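Turn these sequences into a full structure, and let the hints steer you where they fit.
Using this note's numbering, the first residue of the sequence shown is number 43, and each one after it goes up by one.
Don't read these hints as lab results, they were simulated from the structure. There's no promise every hint is true.
[As the list claims (entries may be wrong)] Keeping only pairs whose Cα atoms sit at most 20 Å apart, straight-line, the calculated SDA-like set for lysine to any residue is:
no., residue 1, residue 2
1, K380, S391
2, K186, D105
3, K108, S169
The structure displayed is predicted, hence computed values, not measured ones.
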Amino acid sequence: LRARVRVARNSEYLGQREWEGGAMVARSLGLSLGLGLSLSLNLAASHKHQHHHRSGGSNAGEDGAKAGAFEDWIFALEWQPQWIEGHCNDGGGKLGANFFPDSYGATHLSLHGLWPNYIADQHDGKSWPQFCAGADGNDYTQCKSSGGPDFCYPNAAALEAFNVTDRWMKYALEYSWTELASHEWAKHGGCTGWNQTYFFRVAEQTYSKLAEGPGFDFIADNVGKSVAHEDLVKAFSSGLDGKSPGFQCAKNCELSEVWTKFAADPETLLPAAPMDHSDEDSCGKCDAVKITKFDGCDAPADTCVAGQQGPTCAYDPATANTDADPCKAHQDCVRCAKSDHGGTHYCTSAPL
43 LRARVRVARN SEYLGQREWE GGAMVARSLG LSLGLGLSLS LNLAASHKHQ
93 HHHRSGGSNA GEDGAKAGAF EDWIFALEWQ PQWIEGHCND GGGKLGANFF
143 PDSYGATHLS LHGLWPNYIA DQHDGKSWPQ FCAGADGNDY TQCKSSGGPD
193 FCYPNAAALE AFNVTDRWMK YALEYSWTEL ASHEWAKHGG CTGWNQTYFF
243 RVAEQTYSKL AEGPGFDFIA DNVGKSVAHE DLVKAFSSGL DGKSPGFQCA
293 KNCELSEVWT KFAADPETLL PAAPMDHSDE DSCGKCDAVK ITKFDGCDAP
343 ADTCVAGQQG PTCAYDPATA NTDADPCKAH QDCVRCAKSD HGGTHYCTSA
393 PL
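In structure tokens, the structure reads:
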């Protein structure tokens, strides 16, 4: 397989460096997780012990924390169709141009990130470390704004290994076409004390193991449907020793993310036994959770598609949402939306 891809460097693409070549063969890793993973590797940076994210208020994350000093993990998965369907025309960018109805991420959960996490009582009420004082000597607080030092971004070795068609371009498309890979490394990866390649490998192997579980199958079998919240919990917890993830829902009870939690092995820091994370379940208020289906960003210009912008229109409060609304002339459009995007109004299929 050949891949010609770019990885974002904050808002600026590393277009200066394009990777063109065969899919890299995954190295043998050595890891012993409560997830049942078994991997073998040499660490260039070893450890003796050792979303827009989580809730908890502005003081929940500890900037400049010591790398490798945490107790557990949050492993976040995202439902890509829920996000991309509303950004086909205004924010999808490179991701929107490279995400299709037959993409792996259109029917499977995608990788969001692997986040070191605290037991808050042991860290003066802080819930997680972020932008840490890295074990590599780097100060990752310098990465909080765009244009940070080179260590804030995926390095050549990580890009060459992971930014290929059977890795990020499959299960983490947002890593390849947005700034997410840089964000995840700078905010979270630098807090592990690991080098980049190892950090991304552990994330990949954790993802791969979860992808074998009943939760992933449940999602894939119900794309485009609404499912009972209790059935969603049951599907995932049955593969996590009975522990429940924290499900995240967006508007209208649409599934957005799945946050699983694992203890950190006290010696290696690797994800170990599953832990309950139901206290971070924003979908709990929903009797039914919608698993959004992605039908593409190329709907005909005169048609409205649920979750996407329709044809442009001139908003007039006198005719809006009446039989005289100009959007009534377009297929499946019901009104001209009052809210604008950059000064432009669009027809929508969503009734008031």
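Could you tell me which of the hints above the structure violates, numbers in ascending order?
As far as the earlier hints go, not one is violated by this structure.
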